[in-house]
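Now for the letters of each chain:
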Amino acid sequence: MTKDLVWRIAGGSGDGIDSTSQNFAKALMRAGLHVFTHRHYPSRIRGGHTYVEVRASADPVNSRGNGYNFLLALGDSFARNPKENAIYGNEEIKPLTENLNELNEGGIIVYDEGLVDISEVPNFEERVEENNWHVYPMDLRSLAREHGREVMRNTAGVGVTAALLDIELEYIEDLMRSAMRGDVLEANLAILQEAYDIVSEEEFTHDLRVPTGDHDEDQLLISASACIAYAALDEGCRFISGYPMTPWTEVFTIMSQNLPKFGGISEQVEDEIAAAALAIGASHAGVKAMSGSSGGGFALMGEPLGLAEMTETPVVLIEAMRAGPSTGMPTKPEQSDLESILYSSQGDSNRIVFAPGNAAEAYDQTRQAFRIAYDYQIPSIIVIDQKISGEMVNVDESFFDREPNPSLGTVLSEEEIAEAAHHESGKFKRFLHDTENGVSPRTIPGQKGGRFLAAGNEHSEEGHISEDPVNRIKQMARRAQKLEAIRDDLDSQDGSHQTTFGPEDAEYGIITWGSQQGAVMDAVSELNDAGHSVKGLGVSDLMPFPKKDLAAFLESVDKAIVVEMNATGQFRGLARKELGLYGEKMSSLLRFDGNPFIPRNIVEAFEETIVEGKDDVSNEHTKFLPEAGVTQ
Amino acid sequence: MSAFSAIGEEREIDSNEFTPGIEPQATWCPGCGDFGVLKALKQAMPDVGRTPDEVLMVTGIGCSGKLSSYFESYGFHTLHGRSLPIARAAKLANPGLEVIAAGGDGDGYGIGGNHFMHTARENHDMTYIVFNNEIFGLTKGQTSPTSPKGHKSKTQPSGSAKDPVRPLSLALASGASYIARTAAVNPNQAKEIIKEAIEHDGFAHIDFLTQCPTWNKDARQYVPYVDIQDSDDYDFDTHDRREAADMMFEAENALHEGQVLTGRFYVDDERPSYQQEKQATGEMPEEPLAERYFDEDYQWERVADSLLDRHK
Ligand SMILES: Cc1ncc(C[n+]2csc(CCOP(=O)(O)OP(=O)(O)O)c2C)c(N)n1
Ligand code: SF4
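Just so you know, the sequences run in chain order A and B. Quick note on numbering: the first sequence equals residues 1 to 632 in the numbering used here. Quick note on numbering: the second sequence equals residues 633 to 944 in the numbering used here.
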């Protein structure tokens, strides 16, 4: 019996794949398992092939794993375009044809006989035999129609799944009861039971069953987007402004739906320049504020981002990356905006950039981003991507048991303002040259005696525009000094933002950043299980760069591969710039086809390049960049 | 002492309080219309009864953008065209502040045109002064969105092929609830208009004709203006949108022909401000949001129980 269940539900966008899979994952979590979901969808509203995977295991899960072992193919109900040559023509069999390649040997297939004509699927019988798949055709559509409506095919599919895997219906029924009411609930319950009963009576050819597990405490099924929003609320953020763009929209939506309940304000505005500018305006006026976008929208934010740096206005921005350049692939993940996030906007940059590696880290680091932004008066950016923004994982409920932190950071009270340095004109010296850690306390408009000019031009201590060279050097030095102070601050925190895994004395290293951390963790375990000596490092601080952590890691290994989702090795470039010679030890494994790494990609690449010494990898989805000094 | 004790302070206010220890002569040319705006603004302040500490002056980039340097108050000298989104968020964060935004015609009707349209549409309770000198001043005399058709400059050597923007009509179409035009050559009217605009509860737009003797000697900003409210020839109801639209159309045509019509063109005191609308939908707190961060007794809620349940 396999250790993990990886269940894939496939169908058309708009067929309710998302909600069904979320409930299924939740039911498994409630039953005591660790779960992880992975979404794949096209940039279309209705129709178009989509699937969600739910991985469930008795042990904690970090990634989607390698392939999957249970396919529920619903048939694409939106695919029936009556026009013969319509671009998105008849795709009814896609839920099978698009998915079979990744179905593991010995896997199970349940398909909807009511919608899918199996004879149209090329070489189906042969492939089934070759791979030892177990096929269960079910007329899910008729079953759904009989008790309710056709769209309830999902429920029938879940009932069949439960029967085939020996999952108790009680958790699924509970979830249905809390989500539905009246006739709809009755119909769904009836369909679920009927599907379950029909299958239970059959004889199974497979031996896959749902694993059993137990949690020590209550669990939550949560995404990084929700964690970012909740962290912001816990930090006292009460203002958000944005403009929709996938996948940033998830954070924006969660915040907009909840802020009014917390007495906060959400603004959907005319464009991303305005969005970032509003957040800056709100923060200037004394409210903790955030904004965000995805690649193209973030490009527009470069201008206000620079303004926040120059005026030292705290603000938190989210950058939810997707494949680029330009509008790229709106629903596909990539980590290719790194350089634009670090350097967009003119001048020498002073910003904070964190890239959490999973949902829990997204919560922690968003809180940290707010704290740093407000204590040090600097913009902080949280980088996520299309993968981690929406994938759901279970996190201990107690993890969120934290105190709120509404502090505005280094803001003076009116009593303190009265004591503080002022220019003879009456202006408060907002931008003092000599400060302990580069931070000069600020005031909020409306406070008596605190008035100053916040200028995007270089300015004097009280804020007046100034091109005096001596003042210029002092102001530049002070702003730069903040980055050093922040590095020290972060290094002095309990626990590092960098996540290490695998044996400490390992010979080789695999480095990654942001969302690919889970796949790398799993690959590191697989490699060590196979007798290799490998450890991993997931880097989350991108600016100020954690030189010490990375240098120590590189020094301790013979060679290191950097795993990231872009075509040019952007993180490796950053590390080389920051670390000089140490950086030369790194080679890169890259993937930029719109799909995140699975652990197997990394394991195979490691074996081919590091162990066998090949110059390249055989997997067509990945690309290898050798370490510096080796000709390409 | 309250967190924002400057807000709502009642006392005699002297217009000299709005003079900082830095002189506009530093960057403005002799004879520049911008001096007129600054003067009128300073003189209006005692009448509206606001102290320097309770005013937030948000400006764009340009000669006009320097207003925040020469007007003593809380100030934010932002980016070219971006004063409005910053200003309106500050107003949402703390409605007690007197928020005034200002910038040039390039700033407001060109690069910031989108923000102008949407800020007017939303009817934020603030004042927006556009220094309309029909030229890019700070970058040395290029054609601006309000320059007349045929205007020649180094970047439009054969003369502009574009009709100029119609600022008043644009403001009306976008939804501004107070719209006026005044001129730097007329400080008394300017002061009155600024005062009305600040006291208006909603988005008040002032197209302020300012002369740029350095780059735009031909502009009509110098010629004697006509105050349409003082003249029987221009009798119309400023509360009637249609009549106002007709009058604006006429004034904009007249300007192209060399006659300067000024005064208030449109006043809607019925329309609720954006803040009121947003409070009515329950999406904006009654108390100024910014106050909360200074209130020691405020109980900060954490997300835990209220939101986490749905994830169980
Ligand atoms: C994004 C951006 N583009 C261009 C500029 C250069 N620039 C500064 S002021 C200005 C035009 C100023 O004209 P206007 O807004 O009419 O103001 P005035 O100087 O006439 O008062 C321009 C183009 C800039 N600062 N920022
Ligand atoms: S260039 Fe024109 S607008 Fe600028 S200060 Fe001189 S006169 Fe005024």
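Everything labelled a hint here was simulated from the structure, so no lab data went into it. Hints may contain errors.
[As the list claims (entries may be wrong)] Derived lysine-lysine pairs resembling BS3-like cross-links, with alpha carbons at most 30 Å apart:
1. Lys674(B) <-> Lys429(A)
2. Lys671(B) <-> Lys448(A)
3. Lys429(A) <-> Lys944(B)
4. Lys794(B) <-> Lys671(B)
5. Lys448(A) <-> Lys823(B)
6. Lys448(A) <-> Lys827(B)
7. Lys3(A) <-> Lys944(B)
8. Lys448(A) <-> Lys910(B)
9. Lys547(A) <-> Lys474(A)
Status of the hints after comparison with the structure:
{"no.": "1", "hint": "Lys674(B) <-> Lys429(A)", "result": "holds, 23 Å"}
{"no.": "2", "hint": "Lys671(B) <-> Lys448(A)", "result": "holds, 24 Å"}
{"no.": "3", "hint": "Lys429(A) <-> Lys944(B)", "result": "violated, 50 Å"}
{"no.": "4", "hint": "Lys794(B) <-> Lys671(B)", "result": "violated, 33 Å"}
{"no.": "5", "hint": "Lys448(A) <-> Lys823(B)", "result": "holds, 26 Å"}
{"no.": "6", "hint": "Lys448(A) <-> Lys827(B)", "result": "holds, 23 Å"}
{"no.": "7", "hint": "Lys3(A) <-> Lys944(B)", "result": "holds, 24 Å"}
{"no.": "8", "hint": "Lys448(A) <-> Lys910(B)", "result": "holds, 28 Å"}
{"no.": "9", "hint": "Lys547(A) <-> Lys474(A)", "result": "holds, 26 Å"}
Checked against the numbered hints given earlier, this structure breaks hints 3, 4; the rest are met.
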